[in-house]
Structures are given as structure tokens and as C-alpha cells.
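Visitor: What follows is the residue order along each chain.
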Amino acid sequence: MPRSRRTAAAAPLLASALLLTACGSGGGSDGGAADGKAAGSITFQTWNLRSNFKDYFEGLVGEFEKQNPDVKVKWLDQPADNYAEKLSADAGGGTLPDVVNVSPDLSYPLAKAGILLNLDREKAAAKFKDEYTPEAWQGNTLPGLDGSYAFPWYLNTGPLFYNKALFRQAGLDPEKPPKNYDELFTTADALAKRSGGRTATLAGTPSIEDFGRYGVRLMNADATKFTYNEPKGVELLTKYKELYAHGGLDSQALTNTADQSGQKFLEQKVAINPGSAHDLDTFKKNAPGLYKELGITDAPNNTGKPNMYVMGLAVNKQSKHKAAAVALAHFITDRKNQEDFAHKVAVFPSTKGSLDDPYWTKDDGTDEGRVRVASAKMLKGAVNYTPVVLSEEMKVVLKNEVAKALQGRKSPQQALDDAVAQSDKLLKQS
Amino acid sequence: MKQPSVRVRTHRAASPWLFLIPGLGVIAAFNLYPFLTTVRKAFTDARTLTPGSWVGLRNFQDMLDDDQFWVALRNSGLYVLLVVPFTVLLPLLLALLVHKRLPGVTFFRSAFYTPVVASVVVVSLIWVWMLDDRGLINGILRFFGAGPVAFLGDEWLLLFSAMALTVWKGLGYYMIIYLAALADVPRELHEAAAVDGAGALRRFVSVTVPALRSTMVLVGALSSVAAFKVFSEVYLLAGPTGGPAGQDTTLVMLVQRTGTGLSGRVGYASALSLVVFVIALLLMLLVLRADRKESAS
Amino acid sequence: MTRISGWEKALRYLLMLAVLGITVGPFLWQLSTSFKGASEDIYTYPPGFLPEHPTLGNYSGVADIIPVWDYALNSLKVALTNVVTNLVGASLAGYALARLRFRGRRLAGLAFVVALLVPLESVVIAQFTMMRDLHLNNTLTAVVLPGAVGALNVLLMRNAFANLPYEIEEAAVIDGANVWQRFLRIALPSVRGTLAVVAIFSFMGAWDDFLWPLIVLSDSDHFTLTVGLNYLHGTFQQNPRLVAAGTIVAVAPLIVLFACLQRYFFRGVGEGAVKG
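Residue numbers (the working numbering), protein chains in the order written: chain A, 1 to 430; chain B, 431 to 727; chain C, 728 to 1003.
Hints are not guaranteed to be accurate.
[Claimed, not checked] Covered stretches of chain C (chain A as the covering partner; in silico rule of three or more C-beta atoms under 8 Å from a C-beta of chain A):
id: 1; region: 812 to 824
id: 2; region: 866 to 877
id: 3; region: 930 to 941
[Stated by the list, open to error] Once the Cα atoms are required to be at most 27 Å apart in a straight line, the calculated DSSO-like pairs of lysine-lysine come out as:
id: 4; chain 1: B; residue 1: Lys530; chain 2: C; residue 2: Lys804
id: 5; chain 1: A; residue 1: Lys74; chain 2: C; residue 2: Lys736
id: 6; chain 1: C; residue 1: Lys804; chain 2: A; residue 2: Lys54
id: 7; chain 1: A; residue 1: Lys179; chain 2: A; residue 2: Lys232
Please keep in mind that the hints were generated in silico from the structure rather than gathered at the bench. For glycine and all other residues, C-beta sits at the position ideal for the given N, C-alpha and C.
Assemble the whole structure, with the sequences as input and the hints as a guide.
Guide: Here you go:
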């Protein structure tokens, strides 16, 4: 498509967005109607998918325009870093695209500020609810905001990866990875002892989802108070503290980010790392040595409900062409298109019945096939443990209080009490 | 700032402002004016997506009760004290080393400049690799029979490592400011001293330092402010949480942590920014004033 | 020029080599990773320094994923504009602050010091709103504007002009040259070194800037190189070789620019220097 035409298409939109905010931010105008015929020029923003899926999305948008001749779609894609800052600027300036790629932790503050369309309250959108799995729809439902604010898109979950060579070196059976938390802690102890402290098992300290998988209740029912300082949480942290003292955690575990933990695993410095189905490709390409020794097992959990990550497509409440925006968001996330996308990269569709397709139930003998089938099985009944109200700052609070407990500056109970108190205070301010 | 020996006459009012309009216009419109928003928000409970309402001095009171603020203030202050002497002196020595025409010296200069242009992320990867438990530096230590040092696990060693990284990255940056000053300084001064038969050290103390004084002061002021506002080096070495249990957090890291993201506490972060701004301004004026006093005497 | 003894020369080279070792390591590693073949393990520990199967494939890989030339062209436009506006704006303002006496001079000087200290992250949103009101969102003009005259550059220029001996201008004053003539013919040529620094800093500042162009540009057609290269960090997979190749592409022009401008740092350039 010639560049000039695309810019021309965006111009009236930009102007309308300006007009909108000129009328006073928030309240007032809520854009066009969501029911009725899909028409008008809309923008559609994805998050860091352009580099690998440019042709796919351009094809998809073209098909949508063919089916809806009155709609013009301009596809935007934002790079990996600082996506939240980009959304902040656009949301604050009234220039948020009509359809936006969000995860629940991003949609929560946007929805709370009244910028996103409540799909459950909008008939034109709510009618599609039954096309998605209940878990996925639930995953985009925001506490206290009375509804779901994004069409469920792709899901992610993953197994536990382990390094067979490191198991063998420590005299452990590489074919017997830990199956639950108790075994995980025993394995870690053994690895540390037998390697003379050289091989750590895990690269990071427990995150909120670790607490969740361990069976700790993270928040009260209406998500107004954190509760992870309950005895079960203290128990988990106490175990981690012993693990840290025995050399079961990497020496930089207190500061490692998820990326750095992944890197430690790639460098074969730690024996176990949780991951996602699409990591296999990374291992194969960047660390072929590790890939040969890669063991794959289910991530331990005490709740019977594995963790999952949810992506969604939200509709801008101030969109001038809501009908078109809803139609596009539904189109991208409908069963056929989600399944197509999940064939391109190892993510999982959130549409009902998709995971019963042989592609996700029949192991084809490859590693990818095995992980895909295992992950798809896990996704049934999986939940997103990370509370959507948990801000980045609250995550830092938890990480630093956990560190104080591991260092012995505070008892695990005290550390978690403090973390909960600080997070509750932050939550109340918001 | 040197006062002119008042022989260039005072100008008709209009022309100095013509000189200043482009510069003042840009900074007033895109720097100073938007900053007023920050100042105003410092007295509100604004968040990223909500304008908030006036809360008076509450953000500043909260700051006093915030343990992280005091840790951050300590770290940023230490950064200035320990980093600035090195960023003023080492680049100067480096500039003196490469400002003469010698075969191949252009290559060395460009090479010394590479840390400035290399991506911070890559640089920090390398530094992590060097400082790791099994990294290069520990390898060298082991060779001499010294035990492994957990540079990246200890809060103080992490902070010192980040300082070393800052000095290292500043080498090439401040070097070129000095090189430019050396190039602009009339060379008769040096030559006169050489004719007098002054030795290298004496030439440095009695000719180079006085001639570069105002530049050294400028570098001192700039690097004090930069050190006080340090972010990337600590963020990348010590992690976004600010080192073990947050003990390496700096003030600007705290601003970033509290103020960014869709649920950022913009009011509180603005108040922190304002504190950083005021201290940095005082720091800069202090350095510049100390210079004026000294040159007056 | 002062004579350098053989002994001193040897010492200088020795020192330069020592510093060389400290400064270029990371850069070489980046370069090496960018040449590593697809089958090479890049996470071996300690890292392998030399590529086993050197390839240029990563560079063409970068060009396959993102329109690297378009982005580089956008960056070049922004960076060159930034150089011009900064050279003009900063030298004018610096000259006025250092050499002209007028009411309000100290206040004007203070304004630049204050501007230097304004935390940019905190004003990004306000700048964005301003660009929206000016209808400049999503244009390269908006990328350039906030940095068009950097306060740091103004202070550098002021320092350079202030260091010039007054005698240089006095002769011109006596000849009846006005302030613009003195500025253009006498003062500017005497501070070439600092002009080169301002050029380098403003080019680099514009070329490396990430957050502001990301915020103000929405359409990936208009992206600058730094923003566009961020696409190399894939959502589902990482290829550090591509990232390394990308950073080399981003860094190379800066080193070339520096190499070109550094001759202005040699004393005696433009003075018709007599070799000693």
C-alpha cells in the first residue's frame, strides 16, 4: 500500500481524537456507537509483533477490509520496550488507537481510568463471549470494574526446563526431574551439596506467581487487600530461605530479572528454569549445547491449576467507530485466526474447542510437539495467578522484602507482613 | 565565570537578545515550561491516568517516612563524592595523552571514544560477565590465589562496580570536552613554558591546569550533576529492584520506579524529581561559585 | 610544536595501548557476536571471543526484519538537523552569554543551567501533549524540536568563548566591526574544537534517543533507527546475533563521525601552524 494513502487515512482520525480531548478529558463524549454497521477508519495496535509477523498481519487486515468494505484499518505496532509509557502518553493525550493489544495488568489501569470499552456491558461485544474459553474471558475480567475489557487473544504457559548434564554431574538421575515442590527443594539441596556449591538450581527468588502456584491465597475476594503473608506463604519463603543458605539459588538470585534468570539457564549456570513453549526455539538456535541436554517436565504446582499468561485486544471507549473496532477485535481473535496465529508461533488459542484440535492433542514425536501437547493440556483450567492490581512497584516491594528474608535481615513472616502492608498502602492510594 | 576586562562595550539592548532568542525559545518552550507541570504535580496525588487533586506538602512528608528515599539519597550522594574526582582528572590525563600529533593517535582517540557510543546494554552485559562469580576478574583473582569475590551479590561491591562503570563510560565523553578546550586554548602559552625548560609535571601544574581551569570546573559541574542523577549503570548492574533488598537504589531509580507505568504515582515521583532537581541545582551552583571565588582571589 | 623525546613517545604508546585494552573490549565483543553463525552456541561460558563460522548473514537478517535503511535515513535527517540547529543556537547563545554585556545576562545564563537539570523523563508527557496541540505528532519535526538547542551545548559554547583572550576581539572593535562580524569572523573560527564537540554530542544525542521518538511516533514507517532496532528483541524469541548486528549498524556512523571531526581537536588546526 502506498505510504501516502495510509497517512491520509489516519489524518481525520487524529483530528477527531484531538477534537475529542478538546471537549474535555474523561467523561463527556464516548465516541461512536458500538452496534450498527462497521464503518470508518480505525487504528489497530499490536505489541512487538511486526518484526516476525508483518506479512501475517498485513494479510489479516487486508482480509478484514475485504469483508468490511466500509472500514479502513491502519495497523500500528510498537516495539518491545516502554510499551506502558507509550500507552500512557496516548491515553493521556487522547490518541489511543481504536483497538489495542493489552495484557490484563495493562488493561486494568486503562479501564479504571474509563478509557476502555466494557465488553460485558456492550451488547455488540458481549454476544461473542461464548466463543472464548471461560478461563480466558475470566482472565480479562477486572476486579471492581464489573466486566471484561479485552477480547481474549493468545495464551501462554510453559513447562519446567532442566539441564540433564548438570543433573548427571551431581549424580542425580536425569530422567527423574522433580514433580512437586517438595521434590524440587530436595533436588536443589542435593544438587548444591554434590556439586560443592557450584551448581545452583534456580536463578531467581519466588515471584508472586510462585506463591500462587504453591497454593498461597494472594488477595482477598474483592482484590482490595493482599493476603500472601498467610502461613502457607511464610512456609514457602522459609523453604526458599533454607535453599538460599544451602547454595540452591544462584548467587545473584536476589537481583536477577526473569530475563537474567533465563540467561543463567542458557549459560548452564543453573539447573532448572520455568519457561514457555516458544523458548524451545531460542534454546535450539542460541544454545545448541544446552538443547542436547534439555529436559522438559511439568511445572510443579500445589493447586492443580497451572499458571497462564493472557493477551487480549481492548477497544478504545472513545473510538469514533466503535462498531468497526469491535468487529476488528473480534475478527483478529476469532477461532480461525487465533488457530492460524498459533500455528505460526508456539502460543495457544483462547477460543473454545481450539485446543481439542489434533494439532494440540496429538504428540507428533518432536520436542515441539511434546511441549505443545503438554502445555495445551495444562491450559485447561489454568489461571493467571498474577493479580491484575499488582503494579510494577508492588512487584519490587515483594522482591526486596523477600530478599531481606533470604539475607536474614528479617524473619520470613516479618518480611511478608511488611510487603503486604506496603502493597496495601499503594493499592489504597490508587 | 570570568568577568571580562570591560573593554568590550555594552551593547544596545536588542542585539544580545537576538543572539539568545533561538536557544532561550527552545528551552523555554520544551524544557522549562513543561517542567512547571512537574512542579505543580509534585503537590498533587496525580497518577499516570488521573490528574489528582492538591495535597499540599503530603508527598514531601511521605518522602521523609520512606526508607527507600533515604537509602537512595545516600547512594546518590556517595556517587557524587566518589565518582567526580575521577571523572574530572582521568579524562584530562587521557586528553593530554592523545592531543599531540603522533602516528596512529587518531586511531587511539576513536578507540577511546567507543565506550561512549557502545550500547549501554551491551556494555553492562560485558561488565556483568567480567564481574561474575566465574567471570574474568575473579579468574584473575583466582590465579593469584584470592578467593572469589561476589561483586554482583554484595550491595556495596555492586555500588562500587557501578561507579567504576560510570567513570569508564565518562572517560571518552569528558575526554573530548578537554580535547576541544586544548584545541581552542592559544598554544603560545605551552610553548613559552617549554622554552623556559619546564618539565612535564611542572608544565601540567603551572600551564595546563590554569589554562583548562574553567573547563575542569565545567566538567566537574556536569559530572557532579550526572553522578547525582545516575540511573542506567546501577539499574543495569544491580537490576531494576536496586540491588539486593533495594539497597543500591538511587534517587532517579526511585523516581522511575514510583512514577512510570500505567499506574505510576506521578505526584510522588514529581515531588522526588523536584528534590533531585533542587539538590542538583545547588550542587552545580556550588561548584561554579567555588570557582568564581577562587579565580577572584 | 614541543619536541617529544623517544622515551616519552614510548611511554605514551604504552599508556595508550593499556587504555585501549580497557575501552574497546565491549565493542569488539559486540562486533564478534554480530559475525557468529547460526549454529554457534553464543551462551558458552566463558563466552567464545572469535566467531567459529563467521558470517555476514546477521546483517542481512536485520535488513530482512526491519527496513533498516529507511530507519537509518530517518535517524540521519533527525541527527543532521539537530546538529545544525544546535551549532547555530548554542553558539549564538553561548557567545551572548560569554561576550556581550546586557541587563538580564545572569538570569539568561541561569535559565540554561536550570534547563540542563530538568529531568527529561518527567516532561515527556507534557511535551507529547504540546506536540499533539501543534499537530506535529508522528512527524520527524516533533522528534527534533525539544532537543533543537541543548542547554549543555550552550554552556559548552559559553565556556569556549569565555576562554578566548579579549585581545583577539579588541582589534576588530577598533576596526569598527559590529557584533555580528566579530562573532562570525573572529570568535567562531577560534572555537572550532568546541564546535566539533557540540556537533558530535548533538548528533549522538539525536541518534541514540529512544524514549522521546518512541512516544511521539506511532507509525513504524516514521521510526528512527534506535526505535526500530528495538524490534530485534522479539516477543517470542531472542536472537542476540541480530541484536549485536543491529547495534553495530547503529554505532558505526557515530564512530565514523567522530573520526572525521576529531582533527579539530588537534591544536593548531586553522592557525596555519608552523611545524616545530
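Visitor: Identify every previously stated hint that the structure contradicts and give their numbers, smallest first.
Guide: Of the numbered hints, 1, 2, 4, 5 do not hold.
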